[in-house]
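J.: Now for the letters of each chain:
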Amino acid sequence: MGYGLDFGWLADATGAIARGAVTTILLIVVTTLAGTFLSILGAAGRRNGPMLLKRAIGVYVEVMRNTPFLVQLFFIFFGLPSIGIRLDPILAAMLAMTLNMAAYTIEIVGAGLDAVPRGQTEAALALGLRPRQVFIKIVLPQALKVIYPALTSQIIIMMLESAVVSQIAVRELTYEADMLQARTFRAFETYLVVTIVYLVLSMGLRRLLVSGGRRVLGAGVS
Amino acid sequence: MIEFTFWDILRNLLLAARWTVLLSLAAFVGGGVVGLVVLFFRIAKNKWSRRIASGYIALFQGTPLLMQLFLMFFGLPMLGLRIEPWTAAALGLTLFASAYLAEIWRSGVDALPRGQWDAGASLGLHYLQELRLIILPQAFSITRAPTVGFLVQLIKSTALTSIIGFEELVRTSNAINNATFEPFKVYGLVALIFFVMCFPLTQYARSLERRAAAN
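Order-wise, the sequence lines are chains A and B. Its first residue numbered 0, the first sequence is counted upward by one per residue in numbering that gives the first Met the number 0. Its first residue numbered 0, the second sequence is counted upward by one per residue in numbering that gives the first Met the number 0.
Isolated chain B, as found in the complex (with noise of 0.2 Å):
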């Protein structure tokens, strides 16, 4: 039996971290640009555009993370794509984290006075210039704040990829819990590692909330 010392456990899980970060950071990128589609759906003039993404963004949020994975998993197939554990995980989050930012920028949109539309109209822009150059920038750094605390959302959510065959940080975990039966120090360990990476996001998005207060 081969033995584990400390840290032969430590730069494994370590090693193994790189993965949680690397789709934390693939699906926030994701979700953002996915979540900005769903946006413009969701804020547009059209009643039944509104509506889709309203559903849209219910279906994921009143739902399991953990079923949205599983049907990426076992559904992608049966449209004839192959899919892998990072395929399934990445497209599952990416859509997860879609639903969530659209519905954060939204309320950013939502704060916006009447008046910042009708400026931006009696400019003479068009739509489009005025959700780029007037609306946006502003629903976006009013929400500063709920966007990164989603990110620590995220990144505590890949946990659940472990699930579905993806070997990041707790799915590694299982395996050197199995090897050395010290579950206490292997789970302890990878809590660490998470809180090492989600607290100072979590001190970041109060500092900016604190901020946004003061103003």
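Isolated chain A (complex conformation) (with noise of 0.2 Å):
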């Protein structure tokens, strides 16, 4: 029995399988910049908050890191209605992806803040800046500097996860590619265009990022 792939249906499909990518990038986009400023105030707070503060940030740390993250989605779309919560998929996916790569970027975040000299904190609190001055205008920068390679490896790798928000409806690439093939009947053809899709869209992602992060950084950035 013999089968040939058909892209015959591709033609009509671009439309949704575009309209699908752009959610994708919206998604990824909102996260970033949530999950990044959510990770700012994590570490900095994991580093100078009160005790109880820091005990909390590193449990939800713990908890983030080492749970699927379909199973954080589930809980978030299915479970927190039980409580009174009730978010849109889209909410909803834009929450569990934040919630996940702040777990992860907190850490890394840490990790830039720990390498940034405390010389630097010392000569600017001499020049007479307040200590949140330091912070955001001294340290931060400098943090980001050295991080940003370990950041961008976090974002593209939330893009790919964010495959799985398809699971609660929320219109995104995969499932444009879920209705697609539940159309055509044609599954394996539609979900190989889509994940070169996707493939596409994580090496355009790294090289944008890597030429931004030089620009808006300086050099010396990889």
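Honestly, the hints are just simulated from the structure, not real lab data. Check each hint, because a few of them may be wrong.
What the hints assert, rightly or not - On the chain B side, residues computed to face chain A include the following (Cβ under 7 Å): (1) L65; (2) F73; (3) G74; (4) K155; (5) P182; (6) F183; (7) V189.
To be verified - Pair by pair, the computed Cβ-Cβ distance ranges are: (8) E208(B) - N47(A): 23 to 29 Å; (9) A10(A) - S206(B): 51 to 57 Å; (10) N45(B) - T120(A): 47 to 53 Å; (11) A149(A) - G54(B): 20 to 26 Å; (12) L13(B) - P80(A): 23 to 29 Å; (13) A125(A) - L58(B): 49 to 55 Å; (14) A213(B) - R46(A): 20 to 26 Å; (15) V209(A) - A110(B): 22 to 28 Å; (16) L13(B) - M50(A): 32 to 38 Å; (17) E208(B) - G127(A): 37 to 43 Å.
Computed from a predicted structure; not experimentally measured. Using N, Cα and C, we set each Cβ at its ideal position, and we do this for glycine too.
Work from the hints to combine the two standalone chains into their complex.
T.: Have a look at this one:
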């Protein structure tokens, strides 16, 4: 029994695939911004906060890092409504992705903060800057420069992981693929095309982040 | 309607967790074997062999695991193989693991000083003997922490096989949730079971890392 590949459906499907890809990109942009912000707060809190906060952040990081993203997503989307928190699929996806990513980037940002020599803080304080200014203007930019490559990898991993949010009916790339293959009965070809789209997205995103990072953070960032 | 007590839920979840453990082990062992082959190509002297291995690794690291599993599940039957969720899950995760493990071990090989190869050659060892006796043992030993770290990632990744219909922990929990309507409890327990499996390994990886840093 022969089975030939058939890509005849592709012409009508480009719109759906493009729409899905845009949603995937939207998800990862929101997650990157919110996740990085949250992890800066988390890493700073873990270093300078009160004891209780330090403990809480530590527990949060361990719980997120040692459970699957899919389970976190189901817990947020299906579990939270039973305690009165009801979220749209797309909001639940953004929340789950942000919380998941922050657990990894808190440690990355923390390592960056530790890598900035103490003398930098002391010099800035001696110049009369307030502690908050020292953190935002002196320590953080240097830390971000150190951790930028690790952050880039984490963003791409998160983009690939986002395929899972199709399971709570967020209309991103994988969801569109599921719909397409149900209509065309060409499952293998559909997933093959979408896999290539993901590959192009991840390579493009890496290139964009590397060149963008060079421009914003200066030379020496790989 | 059947009533589920807390213990019924927990018992069913733990029974399903056996499959999660089994799949993780199968994929880790299988991935280790295939990963070794990929590593062999990745560090070979031939330029094309290195390129093909790099491409293989980039392919698996640049696409979602879920897509890899779908392609396995829908693609293998086209080659005439009868495929069940277990086979697709085990094969998909094996290939996924092989790419990551090859890359981890490659970093270990690269970290060794050039002199190790030269010393092996001067002792009259040929290429395969050098690899087996000198290079690989050291490469494995310095990459033990990331290897254990990857095992944690692999255990978590088995959750995705529920989507192609493999009856492991997450798929069973979906079924239980549909019967009990207690998602908070069910998914909370699932998270706890995964945590119990992964946390000791995470701690072990961390202690290996500390030990490596101390040396």
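J.: Is the hint on V189(B) kept, meaning its closest Cβ partner in chain A is under 7 Å away?
T.: OK, holds: V189(B) within 7 Å of chain A, min 5 Å.
J.: Can P182(B) be said to touch chain A, with a Cβ gap under 7 Å?
T.: 4 Å, holds
J.: Do L13(B) and P80(A) keep their Cβ atoms within the hinted range of 23 to 29 Å?
T.: The hint (23 to 29 Å, Cβ to Cβ) holds, given that L13(B) and P80(A) are roughly 26 Å apart.
J.: Could you say whether the range 49 to 55 Å given as a hint is met by the Cβ separation of A125(A) and L58(B)?
T.: Hint holds: Cβ distance 53 Å, inside 49 to 55 Å.
J.: Just tell me: holds or violated, for the beta carbon distance of A10(A) and S206(B) against 51 to 57 Å?
T.: Taking Cβ atoms as reference, A10(A) and S206(B) lie about 56 Å apart, which means the hint holds.
J.: Given F73(B) as an interface hint, is its Cβ closer than 7 Å to any Cβ of chain A?
T.: 4 Å, holds
J.: Just to be careful: measuring from the Cβ of F183(B) to every Cβ in chain A, is the smallest value less than 7 Å?
T.: 4 Å, holds
J.: Has the hinted range 23 to 29 Å been met by the Cβ atoms of E208(B) and N47(A)?
T.: With a Cβ separation near 25 Å, E208(B) and N47(A) satisfy 23 to 29 Å, so the hint holds.
J.: Taking 47 to 53 Å as the hint, is the beta-carbon distance of N45(B) and T120(A) inside that range?
T.: Roughly 51 Å apart at Cβ, these two residues keep to the hinted range, so it holds.
J.: May I ask you to test the interface hint for G74(B) with respect to chain A, counting a Cβ-Cβ separation under 7 Å as satisfied?
T.: Status holds, d = 5 Å.
J.: Does L65(B) pass the interface hint, meaning its C-beta sits closer than 7 Å to a C-beta of chain A?
T.: Holds: closest Cβ of chain A sits about 4 Å from L65(B), inside 7 Å.
J.: Are E208(B) and G127(A) spaced within 37 to 43 Å by their CB atoms?
T.: 40 Å, holds
Comparing the model with each numbered hint stated earlier shows that all of them hold.
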